[in-house]
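Sequence lines, in order, name chains R and S.
Reading the first sequence from the start, the letters are residues 1 to 501 in the numbering used here.
Reading the second sequence from the start, the letters are residues 1001 to 1277 in the numbering used here.
The hints are simulated quantities; they were obtained by calculation from the structure and are not laboratory data.
One should not assume that every hint holds.
Claimed, not checked - In the DMTMM-like style, the derived pairs of lysine to aspartate or glutamate whose C-alpha atoms are separated by at most 20 Å in a straight line are:
| id | chain 1 | residue 1 | chain 2 | residue 2 |
| --- | --- | --- | --- | --- |
| 1 | R | Lys399 | S | Glu1096 |
| 2 | R | Lys302 | S | Glu1115 |
| 3 | R | Lys302 | S | Asp1119 |
| 4 | R | Lys149 | S | Glu1096 |
| 5 | R | Lys272 | S | Glu1115 |
If you're wondering where the values come from, they're calculated on a predicted model, not measured in any experiment.
Below are the chains, spelled out letter by letter.
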Amino acid sequence: MVLQPAERHRGDWSHRRLGPWCSPTGSPAPLSCETGCGEGTWILVCRLLVPTQVSLLSMEEDIDTRKINNSFLRDHSYATEADIISTVEFNHTGELLATGDKGGRVVIFQREQESKNQVHRRGEYNVYSTFQSHEPEFDYLKSLEIEEKINKIRWLPQQNAAYFLLSTNDKTVKLWKVSERDKRPEGYNLKDEEGRLRDPATITTLRVPVLRPMDLMVEATPRRVFANAHTYHINSISVNSDYETYMSADDLRINLWNFEITNQSFNIVDIKPANMEELTEVITAAEFHPHHCNTFVYSSSKGTIRLCDMRASALCDRHTKFFEEPEDPSNRSFFSEIISSISDVKFSHSGRCIMTRDYLTVKVWDLNMENRPVETYQVHDYLRSKLCSLYENDCIFDKFECVWNGSDSVIMTGSYNNFFRMFDRNTKRDVTLEASRENSKPRAILKPRKVCVGGKRRKDEISVDSLDFSKKILHTAWHPSENIIAVAATNNLYIFQDKVN
Amino acid sequence: MEGQAGQDKSPQAQATKARKILLMLLSLWPSAASNPHQPMNLTWVIISDTTGEGTMLTRGLKRKCSEDEAPAGPLQRQSLLDMSLAKLQLCHMLAEPNLCRSVLIANTVRQIQEEMTQDGSWSLPGPQTAGRLPRDHLVSTEVLCRSAWAGPAPAPDPADLASALQAVPATQVPRAVPGGPWDRAVPGESQGGFPRSLDQVFGTLESHGPGAVEELLSDVGGSYCDLDAVLTGVVGGAKSGPEGLETFASVAAPPRGTSCKADLGELDHVVEILVET
């Protein structure tokens, strides 16, 4: 799909440095990161509606009647279910921000370039490209529809002028190339300006075609399709630090791919029992180590993390390290296992720690200590007494993600009622913020929110029973070097920035 | 209360009771809960009142949920168990079940069953099973789940799943009384009287009307044996009908005054209605 971004002034390109890919450690975080989250205040940079915003920018109209017929209106915002954002990811420089939605679309936002005229516009993200990554498919063998929902997007580091990203739904991973075209060849001999073939008999002179500038066009083309390797639903993809391989993990297996080879993949983890009756544990997330291309971790539904070394054997069923926290007997209930199920696992940028998210907490583990986490943060402990109701309405199975900031000093994760939480690991301070339409004036300052657990409710507090459990923030992303965060709330994408920045 | 129900032996009353049991079963599947009949003054194990539609289970549960979670009484446990089984049923109805969710729910069911077994509120048939792990009796949750995990049609992993499916009836699924009405009711069942999955039972029950239930359960002894087998099979697996029933009766009689757990007493009460001992 080729699209014309509107209102883009592309003048001099010399300031764009399309340099070598980022080093794995990334650039050192600027001072703004090190102030942490307690000192800084967060302001809203922009709120983007996907894809309504896209249509407002007069993108190529793509009326998908099937989607419209099968969707339903929500929240009076004229958004369809297909617009629900299902993944958010910054690229390695933070210049681009990709979102995937339930309708199989990928929308890429690009950061507004700094300009002398409009200083305040720096930091805003505008639509750069949008394309349909996955279509719904039908598995004839199982008589089941394969959802087109994008589960994960992962960027490849930039190696040339084009951008590459991996996007996946439940079954198929695709490598997309996003490239710009701002010049067009003119002056062909055999074709005229409209592209019609010229009669060779009429050609009397020869000319050399020249490249002339044209309006910027951003093209997205699928370069590789990695299909038919997963029986179960893919939950994670992770690009290896060698930038030649990546892995895809489903509920029971993890496969290793080479970017160049689409008809083969290596199975490196298989926890499927011989007898499916004995299945009690599934893989929930997996990630490669940021520096060591032989190391990866995967988390399970029983709250364990396994670190594996691919040098040990071809099939990494035997872990190198096993991280598990002993259960707290005082907190034991029938829901203990469900809330211990890990929904996300992320290496720190330094590669020394991993962070895991289970239903009520975020935990930071040191790779050298397997028997317990070094830090535990309560995200919404007030829900502990509501687990039965949350089990009943299925909220207990919600999979929240978690992210590190660029310097690994702050961690962030989402909650209900469109709340999201940040924890400063150094100062031990935390803050609860809300991504809401009511406060979405640009540059509006986010006010910290507080949930009242019992007793008297103060003026600005919200009581636990008033929380809206249908408004959940599952997907967030943090800019790799600056204090800019992207928060997905249903079909809205909020971008916040630290005011100090 | 017990005497009144136990002594009414007319086919009419039997049918009414059977309908009540059907209601109880159907309440596990909220969408299929039919119009409740006039409730008799019976104490039921699972549901607290028969007003309302499928949400009665959830409503009752909400009342319990508002209290502190920590002391999970037997009634709460039972409600949780029923809710979990209902969720597993829903797994089966969705387009593509979420394996993680199914596994977590199945583990929860297993945990509840283990605890109930340890408490003794769940009767295991016969002393020969005393040393055995409860896992053998919990196979029915796998049976429930497998239809969710495998999908409604043959899965792309036909080799292992098919072998798993075939292995189950041979080794672990108990065989109910042959020739019982469940055989007639579940014509697709080739392996014996025991329904392979709960939804097959539900599907059959739903497709026939309440009148058919009477027809199905008109045979007193055998039918109630099978019904009881289904009941126990749903939640914990059991040996075949008559054995299990005898054990029920034997367990029920002596420790009535002594161990007096709410579950056991009420199960025993239900059994009385069924068997009319």
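Within 20 Å, alpha carbon to alpha carbon, are lysine 149/R and glutamate 1096/S? Given that 20 Å is the threshold and the Cα spacing comes to 13 Å, the pair holds.
Does glutamate 1096/S sit within 20 Å of lysine 399/R, going by the straight-line distance between their CA atoms? With a Cα-Cα distance of about 17 Å, the restraint between lysine 399/R and glutamate 1096/S holds, given a limit of 20 Å.
Does the alpha-carbon distance linking lysine 302/R and glutamate 1115/S stay inside the 20 Å limit? holds (19 Å)
Starting from lysine 272/R, check that the Cα of glutamate 1115/S is at most 20 Å away, please. violated (27 Å)
Satisfaction of hint between aspartate 1119/S and lysine 302/R, Cα-Cα up to 20 Å: With a Cα-Cα distance of about 25 Å, the restraint between lysine 302/R and aspartate 1119/S is violated, given a limit of 20 Å.
The earlier numbered hints that this structure contradicts are 3 and 5.
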